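**Student:** One letter stands for each residue in the lines below.
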Amino acid sequence: MRFFDYISIALKDIRRQYTRSLLTILALIISTVILVVMVAISFGSRQAVLQQFGSSDALTGISVTPNQTSGTLGPLGDVQQVNASASKLDDATITKLSVIPHVRSAYPDTHIWEIASFSMDGGRGRYVAQVNGIPRDVSLGLKAGTQFASNDESNVVILGYAYAKALGYGNAPTTLIGKTLQLTTQKGYRGIGATIPAANATERETNTYNQSTTTLPVTIIGVTDSGVNQNSLFVSLGWAHALRTARYNDGAQLKTVDQLSNDGYTAIQVVVDTVSNVKAVADAVRQLGYGQTSTLSQVEELQQFTTMVWVILGAVAVIAIIAAALGVVNTMLMTVSEQQYVIGIWRACGARKRFIMSLFLVESALLGLVGGTLGSIIGIFIGQFINQYSNALLSSQGFVITNIATVPLWLAGGAIVVTTAFGILAGFYPAYRAARQDPSYALNGGQ
Amino acid sequence: MGMQQNLPLLKIEDVTKLYHRGQETITAIGHISLTVQRGELVAIVGPSGSGKTTLTQVIGGLITPDQGRVLVDGKVLKKQSDKELSAYRNQKIGFVFQNFNLIPYYTAVENVAIPLIIAGKRSEERHKLATRYLEIVGLGNKIHRRVNELSGGERQRVAIARALVNRPEILITDEPTGSLDSVRGQEIMSILEKLNAEQEMTILMVTHDLMLAKRAERIIHIQDGQLVKR
Numbered sequence: 001m002r003f004f005d006y007i008s009i010a011l012k013d014i015r016r017q018y019t020r021s022l023l024t025i026l027a028l029i030i031s032t033v034i035l036v037v038m039v040a041i042s043f044g045s046r047q048a049v050l051q052q053f054g055s056s057d058a059l060t061g062i063s064v065t066p067n068q069t070s071g072t073l074g075p076l077g078d079v080q081q082v083n084a085s086a087s088k089l090d091d092a093t094i095t096k097l098s099v100i101p102h103v104r105s106a107y108p109d110t111h112i113w114e115i116a117s118f119s120m121d122g123g124r125g126r127y128v129a130q131v132n133g134i135p136r137d138v139s140l141g142l143k144a145g146t147q148f149a150s151n152d153e154s155n156v157v158i159l160g161y162a163y164a165k166a167l168g169y170g171n172a173p174t175t176l177i178g179k180t181l182q183l184t185t186q187k188g189y190r191g192i193g194a195t196i197p198a199a200n201a202t203e204r205e206t207n208t209y210n211q212s213t214t215t216l217p218v219t220i221i222g223v224t225d226s227g228v229n230q231n232s233l234f235v236s237l238g239w240a241h242a243l244r245t246a247r248y249n250d251g252a253q254l255k256t257v258d259q260l261s262n263d264g265y266t267a268i269q270v271v272v273d274t275v276s277n278v279k280a281v282a283d284a285v286r287q288l289g290y291g292q293t294s295t296l297s298q299v300e301e302l303q304q305f306t307t308m309v310w311v312i313l314g315a316v317a318v319i320a321i322i323a324a325a326l327g328v329v330n331t332m333l334m335t336v337s338e339q340q341y342v343i344g345i346w347r348a349c350g351a352r353k354r355f356i357m358s359l360f361l362v363e364s365a366l367l368g369l370v371g372g373t374l375g376s377i378i379g380i381f382i383g384q385f386i387n388q389y390s391n392a393l394l395s396s397q398g399f400v401i402t403n404i405a406t407v408p409l410w411l412a413g414g415a416i417v418v419t420t421a422f423g424i425l426a427g428f429y430p431a432y433r434a435a436r437q438d439p440s441y442a443l444n445g446g447q
Numbered sequence: 448m449g450m451q452q453n454l455p456l457l458k459i460e461d462v463t464k465l466y467h468r469g470q471e472t473i474t475a476i477g478h479i480s481l482t483v484q485r486g487e488l489v490a491i492v493g494p495s496g497s498g499k500t501t502l503t504q505v506i507g508g509l510i511t512p513d514q515g516r517v518l519v520d521g522k523v524l525k526k527q528s529d530k531e532l533s534a535y536r537n538q539k540i541g542f543v544f545q546n547f548n549l550i551p552y553y554t555a556v557e558n559v560a561i562p563l564i565i566a567g568k569r570s571e572e573r574h575k576l577a578t579r580y581l582e583i584v585g586l587g588n589k590i591h592r593r594v595n596e597l598s599g600g601e602r603q604r605v606a607i608a609r610a611l612v613n614r615p616e617i618l619i620t621d622e623p624t625g626s627l628d629s630v631r632g633q634e635i636m637s638i639l640e641k642l643n644a645e646q647e648m649t650i651l652m653v654t655h656d657l658m659l660a661k662r663a664e665r666i667i668h669i670q671d672g673q674l675v676k677r
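Those protein sequences? They're chains A and B, same order as listed.
Heads up, the final residue of the first sequence is numbered 447 in the numbering used here, and it's a clean run with no missing numbers.
Heads up, the final residue of the second sequence is numbered 677 in the numbering used here, and it's a clean run with no missing numbers.
One or more hints might be untrue.
Subject to a maximum C-alpha distance of 25 Å in a straight line, what follows is the list of computed DSS-like cross-link-like pairs (lysine-lysine) [claimed, not checked]: (1) A:K96 to A:K255; (2) B:K458 to B:K530; (3) A:K353 to B:K522; (4) B:K641 to A:K12; (5) A:K143 to A:K165; (6) B:K458 to B:K526; (7) A:K88 to A:K279; (8) B:K539 to B:K641; (9) A:K353 to B:K526; (10) A:K353 to B:K530; (11) B:K525 to A:K353; (12) A:K12 to B:K575; (13) B:K641 to B:K661; (14) B:K539 to A:K353.
Calculated from the structure, these hints are not laboratory results.
Owing to the predicted nature of the structure, the values given are computational and were not obtained by experimental measurement.
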């Protein structure tokens, strides 16, 4: 008996019971589609998490905060508790952090609270500004333009890509370079660029000033990419100090208060040499008495979440396949029951028990193979449809365009193998029943 | 070889087959002993329900007797494994059943090729052999017809072609002309006689047609599961 003879005979029987076979295959197709799409979404979302957080460079970053319990931004993250005796983050901290093994660099991250909003000359709308000061040697990842020329470069900004899109330049960020933004300060702003009340100003004049804002014109020199920095405006660290330095006329003297130096940096960004060392460095930072959050830990939490989703979706898919396999069992049992007479003929003509068993196993395997193959192909198409739809949605929400449903070759192939294997398993009992039938009994149609 | 030539081809020793229906035990055949020599054309006659078909199925290895033994070329059938028994049914025995036992959704040539598939013959060889045997039984022009589209006589001939295609030593036919008119019946009988005469094929022919039985070399009478001497 040759292998292709088994296939040929099994196909004849499948064709004989066309409608029943078609319905069984349909059930297998549906279960395979569920399997492929569920796993593709789980797999794709894990990859999407990584993509949303940027390249592996972004994953090597740790954000060091004053002494706080480390919280996370993940879906399962906890809250952060502020410690009143928190250590201030300053240049001495940067020095301490820089000497931790595997730290490539450490730089301050400052939030300029004094800037409230901005608008673009000739642009539409006004936007809440989240402004950060950074040293010039920190690579932001730019879509257009350049980094700061020096640490003290004034009246220039690097614009986050999300703002560029909001301003209507998402597709042409380069054209933003050289355009002017008007930064609007908080009321009573006393930093650089503000015309503060004179020493002899009346109380009324001072009060009036405290209720007014200052507008600071800045030129866009760069636009970030669509990674983690896309929601901020960046200024040079030197100018950040100037923006946060309050000035007061006290008699004949002009007094200044460098609030950035007084308050310390909002955070210090530590860059680790490799992703595998992030955890060790984070532990070292914690031992120094600082809080820390890392993109990696956030990604890991998100991945834990997506793994949980994967397990749930996978379980749904497996249940669907088991249900379809039960359909195969039913179909094959009915076939064995109907085909007793044919089994008897094969046995009377000299077929061994093993032959009969193989014949029915091949038939159920073929049902699984056809159902699995068609299901995988349809699953791939559905995956592509989900990607097109989700990419359009993500794009409109300002996220990085990424494939939510990824159907790698191993998934498509694996789904076919799994469905075929379930087909064989489902066919085992009916095939066994068929093989052990007495030939004479089978010839009489089971009577 | 000489030893084998001297042995009877078929020896049945004290064979009994019982059937159980609820509490009731029915003796299909009881204590039957007989010997068939190589090349004999033997008719087994008896009324319906006398045990003729059971006897042929015991000889054909389709039924295992409850008592006694069947020896073919000196080998006991009962002791054989599934592999040996299947090979015996495939190579040594050709069955023509009373109700033809053809697969209705297969074509004539596909039905005839069944024993060849089991024997592991290649597709082209199977087709060639099956076609030749269908031509021998006069169905060369209907090889691709589904058997459920053929007449009773044509189906009978397909069944004969299938029984002969592996060139068995023993041909067992159960009412070979039972469902045929007299002309077709004579044709089938002539084919069997020709096979017996020209190829020295041993033929066991179950029939209740005494006229047909008289054309055999030997007639075995069976009644109520017992051999009857006449």
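**Student:** Each of the hints needs a verdict: does it hold here or not?
**Tutor:** Taking the hints in turn, this is what the structure says about them:
For the suggested pair K96 (chain A) and K255 (chain A), the alpha carbons sit about 31 Å apart, so the restraint of at most 25 Å is broken. The hinted pair formed by K458 (chain B) and K530 (chain B) meets the criterion: a straight-line CA distance of about 21 Å does not exceed 25 Å. For a cut-off of 25 Å, the pair hint linking K353 (chain A) to K522 (chain B) stands: about 21 Å separates their Cα positions. Restraint check: the Cα-Cα separation between K641 (chain B) and K12 (chain A) comes to about 36 Å, which exceeds 25 Å; the hinted pair is violated.
Among the hinted pairs, K143 (chain A) with K165 (chain A) is consistent with the structure: their alpha-carbon atoms are about 12 Å apart, no more than 25 Å. For the hint pairing K458 (chain B) with K526 (chain B), the CA-to-CA distance comes to about 15 Å; that is within 25 Å, so the pair holds. A hinted pair counts as satisfied when its Cα atoms are at most 25 Å apart, and K88 (chain A) with K279 (chain A) qualifies at roughly 23 Å. Under the criterion of a C-alpha separation no larger than 25 Å, the hint pairing K539 (chain B) with K641 (chain B) is consistent with the structure, at around 19 Å.
Straight-line distance between C-alpha atoms of K353 (chain A) and K526 (chain B) comes to about 17 Å, which keeps the hinted pair within the 25 Å bound. Among the hinted pairs, K353 (chain A) with K530 (chain B) is consistent with the structure: their alpha-carbon atoms are about 8 Å apart, no more than 25 Å. A hinted pair counts as satisfied when its Cα atoms are at most 25 Å apart, and K525 (chain B) with K353 (chain A) qualifies at roughly 16 Å. For the hint linking K12 (chain A) to K575 (chain B), the alpha-carbon distance of about 21 Å falls within 25 Å, and the restraint holds.
Taken as a hint, the K641 (chain B) and K661 (chain B) pair is honoured in the structure, with Cα atoms around 16 Å apart against an allowance of 25 Å. Proposed proximity of K539 (chain B) and K353 (chain A) is supported: the alpha carbons are some 18 Å apart, at most 25 Å.
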